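*Asks:* Build the full structure now, drawing on both the sequences and the hints.
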Amino acid sequence: MIDKQTTLAEAIGAIPDGATAALGGNTLHRAPCAAVHEIVRQGKRGLNLVKTAGAYDVDLLCAAGCASAVSAGFVGYETPFGLAPAYRRGVETGTVEAREHVCASVIAGLRAASQGVPFMPLAGMDGSDLQAARGFARIADPYGGPSVVAIPAIAPDVAILHVQQADRSGNARIDGTRFEDVLMAQAARRVIVTAEEVVDAVEPAAVAIPGFLVNAVVEVPGGASPCSCAGVYAYDAEALKAWTAAARTPEGARAYIEDRILAVAGVGVGA
Amino acid sequence: MIDKQTTLAEAIGAIPDGATAALGGNTLHRAPCAAVHEIVRQGKRGLNLVKTAGAYDVDLLCAAGCASAVSAGFVGYETPFGLAPAYRRGVETGTVEAREHVCASVIAGLRAASQGVPFMPLAGMDGSDLQAARGFARIADPYGGPSVVAIPAIAPDVAILHVQQADRSGNARIDGTRFEDVLMAQAARRVIVTAEEVVDAVEPAAVAIPGFLVNAVVEVPGGASPCSCAGVYAYDAEALKAWTAAARTPEGARAYIEDRILAVAGVGVGA
Amino acid sequence: MSEESFGPPEMMAVALARLLRNGETVFHGVASPLPMVATLLAKRLHAPDLVYLSIAGGVDASPSRLPASTVDPVLLEGARATVTLAELFDLSARGRLDVAFLSGVQIDGRGRVNMSAIGPFARPTVRLPGGAGSALLMPTAKRVLLWRAKHDPRVFVDELDFVTAAGNVERVVTPLCVFRRAEDRLVVETIHPGVSPDVVRVETGFPVEVGSKTPVTAPPTPEELAVLEELDPGRVRASEF
Amino acid sequence: MSEESFGPPEMMAVALARLLRNGETVFHGVASPLPMVATLLAKRLHAPDLVYLSIAGGVDASPSRLPASTVDPVLLEGARATVTLAELFDLSARGRLDVAFLSGVQIDGRGRVNMSAIGPFARPTVRLPGGAGSALLMPTAKRVLLWRAKHDPRVFVDELDFVTAAGNVERVVTPLCVFRRAEDRLVVETIHPGVSPDVVRVETGFPVEVGSKTPVTAPPTPEELAVLEELDPGRVRASEF
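Protein chains in written order, with numbering that gives the first Met the number 0: chain F, 0 to 270; chain Y, 0 to 270; chain R, 0 to 240; chain P, 0 to 240.
Hints may contain errors.
Said to hold, decoys possible - Quick list of the computed label-pair ranges, beta carbon to beta carbon:
| hint | chain 1 | residue 1 | chain 2 | residue 2 | range |
| --- | --- | --- | --- | --- | --- |
| 1 | Y | Gly-45 | F | Asp-125 | 49 to 57 Å |
| 2 | Y | Gly-45 | R | Glu-76 | 27 to 35 Å |
| 3 | F | Glu-250 | R | Glu-169 | 25 to 33 Å |
Said to hold, decoys possible - What the simulated footprint calls covered on chain P by chain F, stretch by stretch (three residues with Cβ under 8 Å from a Cβ of chain F suffice, anywhere in the stretch; the number is not a length):
| hint | stretch |
| --- | --- |
| 4 | 67-80 |
| 5 | 92-100 |
FYI, nobody ran anything at the bench for these hints, they're computed from the structure.
None of the values given here were measured: they were computed from a predicted structure.
Backbone N, C-alpha and C fix where the C-beta goes; we use that ideal spot for every residue, glycine too.
*Replies:* In structure tokens:
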């Protein structure tokens with residue numbers, strides 16, 4: 000068994016500026032927030048974030064200047080906390096490109112990468128301006144059926160996933176909804192798994208992501224917080240409220256990031 | 000909960016002649032053999048069988064005159080019992096069309112049907128005569144990459160799957176390898192599940208096929224025999240040896256079918 | 000709140016629930032409290048065999064409490080099986096999803112929605128969250144039910160800034176009325192009790208025919224209200240208002 | 000059989016095992032007893048971190064007994080995780096599978112295989128089982144290792160009746176020799192101990208250069224034979240002969 004356990008600083012340190020990074024989880028749930036905080040501390044730049052539906056993770060990386068593009072079907076905090084203020088501001092001021100997808104087209108693009116093909120046909124999208132706005136091609140069915148939208152492959156340079164449990168070789172268990180995490184692990188060139196706990200062996204029948212797809216394993220209890228981690232903790236409504244309130248202005252966001260993220264001991268602020 | 004439990008005779012009776020039928024399992028393992036025997040007893044004709052790798056199930060349906068086409072990547076009994084004599088004879092004499100696939104192209108075709116698109120791009124196949132022999136089109140990548148093979152959708156009229164456990168609404172548990180069973184359940188218009196046992200409730204985390212995809216549930220202990228059913232029984236080497244020996248000639252196959260399948264009580268021989 | 004009284008959250012939850020039929024497969028995604036409540040309500044009332052599917056991945060979940068986030072893991076509780084979001088999109092894509100609940104920041108008179116941007120798409124005045132699964136689900140689900148807890152001319156517009164999704168919209172439920180799509184136009188099917196036709200006309204940015212002869216939505220029955228209260232004592236149904 | 004003696008099954012299993020490197024992802028499909036044995040042997044000898052993948056779905060299975068069918072559920076025993084065949088094909092398709100074991104009823108001098116038909120494809124003299132995953136795996140796996148337990152001119156042919164699959168073949172192991180692919184041709188890399196060059200030449204249907212200077216395959220070491228015997232006391236390795 001190859002021991003892939005490392006530190007968050009090292010795992011995140013291997014991500015180059017400009018990388019396409021897929022983030023696991025969905026909206027307020029099982030987002031890899033500790034890893035996202037580390038990205039902020041290391042001052043990465045130019046990331047293209049990939050996710051079906053993001054919230055705090057995407058919003059924070061936009062606020063911190065780490066993300067320059069977001070490929071997602073939805074970015075928002077759902078009903079409890081509303082729109083994503085920093086993402087909004089980034090797109091509205093032109094520092095972040097909204098590569099809006101259908102959630103299903105994020106999946107289609109990841110499927111194409113996972114299956115080693117340049118594009119994936121996708122049903123639907125008729126009547127949507129997204130086809131033209133995003134430059135999604137329509138292609139003819141070579142067997143004479145109707146044409147279909149072709150979504151280009153999305154091969155993330157890295158997938159960053161937070162799970163409940165992993166072993167040192169990367170076999171990862173996900174309790175509750177798996178969202179697109181498994182697909183992201185298949186589509187990405189490198190996979191970083193942060194886990195609530197690293198154990199000697201994960202029950203094989205419960206393994207969602209086989210270790211041979213994983214490059215780095217980091218034990219991070221609370222690694223999804225302030226988002227939820229099914230079976231371990233709920234989302235932290237106070238923290239999310241504080242962030243979304245602070246993030247309404249660039250100054251507020253900066254102060255929050257300095258006080259609550261950069262000031263956290265143990266990791267250099269980086270570049 | 001909708002009660003979908005029925006008899007094998009009724010479940011199989013709903014399959015029309017000429018149907019495209021996907022069969023679960025792989026080679027000597029978890030093939031839906033009781034259902035296949037019932038197809039033989041009911042004298043179905045003109046079936047197009049879909050499977051990545053078939054053995055007894057495909058061979059028997061060829062011998063009995065039920066199948067007129069086989070869409071598969073492999074048909075044979077593996078090392079223990081060799082080639083599939085009745086399938087061979089059917090193709091060599093022209094009564095069965097070998098719609099040879101790559102196992103991966105069966106999967107691609109099922110994926111296309113499952114995803115509601117007319118075709119699925121597939122990596123590989125370079126240098127293979129199968130592209131021309133099967134009329135698989137190559138299509139250009141609209142984003143400028145290399146061309147890729149397009150496999151037409153395979154939407155089975157029915158998927159017939161044998162599992163270890165199901166509840167009356169069709170939630171099905173599969174122990175051991177799932178093979179293409181889940182994908183078949185997604186791609187097919189109707190799904191028949193035969194189960195070693197029908198129970199009040201299947202442990203939700205163990206459900207491989209959600210009940211809402213399933214149309215009919217039949218309790219058939221031993222329903223994969225003479226193939227194996229993981230955790231319940233191994234394959235029946237004696238029966239497979241007897242069949243493959245008998246099937247070397249049309250007469251031998253006919254006698255075997257009459258003695259060992261049609262003569263089984265409880266179900267009319269049909270058409 | 001007594002069982003006899005009701006407000007827009009109760010009227011909307013009940014109106015949405017009534018649109019669901021027994022045996023249908025019904026899906027909602029993120030940020031969908033009213034559809035969650037309506038689906039669970041329909042299952043307890045007239046549609047026990049409805050198959051309740053959600054982005055949280057549960058099949059026929061019976062959650063111990065209703066969450067504010069409709070992706071919450073609590074929506075796996077009591078589920079008979081789990082499915083991935085990809086599998087749910089596939090289900091719709093192949094024409095096997097009966098009902099999808101969707102919404103729009105803007106909704107036009109053809110039942111199309113904008114969830115993307117106010118102003119130019121590339122450099123908008125207001126960047127919206129995005130349509131999530133809408134552009135796949137709206138053209139492929141058999142019936143699309145739109146809901147929106149706000150009914151004013153900024154929501155119900157004559158012209159969308161951007162068409163995020165268009166498709167098989169059958170009805171639109173608001174705090175004021177129920178629209179039905181006839182041909183390619185939304186028409187007022189019923190006005191909710193106590194709402195004046197003038198208000199509907201003024202608050203709708205596209206032309207609608209509405210008047211004293213427009214039928215009134217049947218008010219929630221005592222049974223509907225009782226079951227709703229039992230299901231949703233925390234009033235998640237009101238969280239969108 | 001004593002540990003010092005060996006025959007073609009032992010030579011082939013050992014020769015195949017030696018081709019596998021530590022840390023590689025290695026896959027075999029249906030009807031592949033020798034690859035199964037060779038992979039498990041390599042893992043016990045020089046490649047403990049090799050990732051053993053098979054059509055049976057186990058990742059790093061350590062089966063309690065070796066089955067005759069290489070799809071057998073026993074190949075899930077001791078597995079660290081499970082994967083579907085679709086996922087394994089995807090792994091290869093995206094260029095991440097290091098080694099695929101494949102075979103051919105006919106193999107030509109370019110390392111291409113026929114598993115489809117002898118005679119015309121549509122109405123063959125002999126309908127063969129089909130290439131299973133070959134036509135995807137051969138062009139996409141990084142290294143393809145062919146094996147065949149029979150070495151005669153009907154197997155190693157100058158011209159295939161049908162090209163089922165072609166691709167990244169690196170070596171071919173037979174009871175007589177090991178071929179290596181150089182440029183686009185199979186060349187004899189080593190002859191197994193005790194095999195005469197003339198026999199290889201006569202039994203190979205395409206032209207090969209082989210003679211007294213052709214290196215001899217290192218015979219199985221006592222350690223290799225001991226571990227092989229421990230792994231495979233039932234001699235599944237001999238089942239293809």
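*Asks:* So, for every hint listed, does it hold in this structure?
*Replies:* Cross-check of the supplied hints:
1. Gly-45(Y) to Asp-125(F): 49 to 57 Å: With Cβ atoms ~36 Å apart, the hint is violated.
2. Gly-45(Y) to Glu-76(R): 27 to 35 Å: Once the Cβ atoms are compared, 47 Å apart, the range 27 to 35 Å for Glu-76(R) and Gly-45(Y) is violated.
3. Glu-250(F) to Glu-169(R): 25 to 33 Å: violated, 47 Å
4. 67-80: holds (count 3)
5. 92-100: Since 3 is at least three, the answer is holds.
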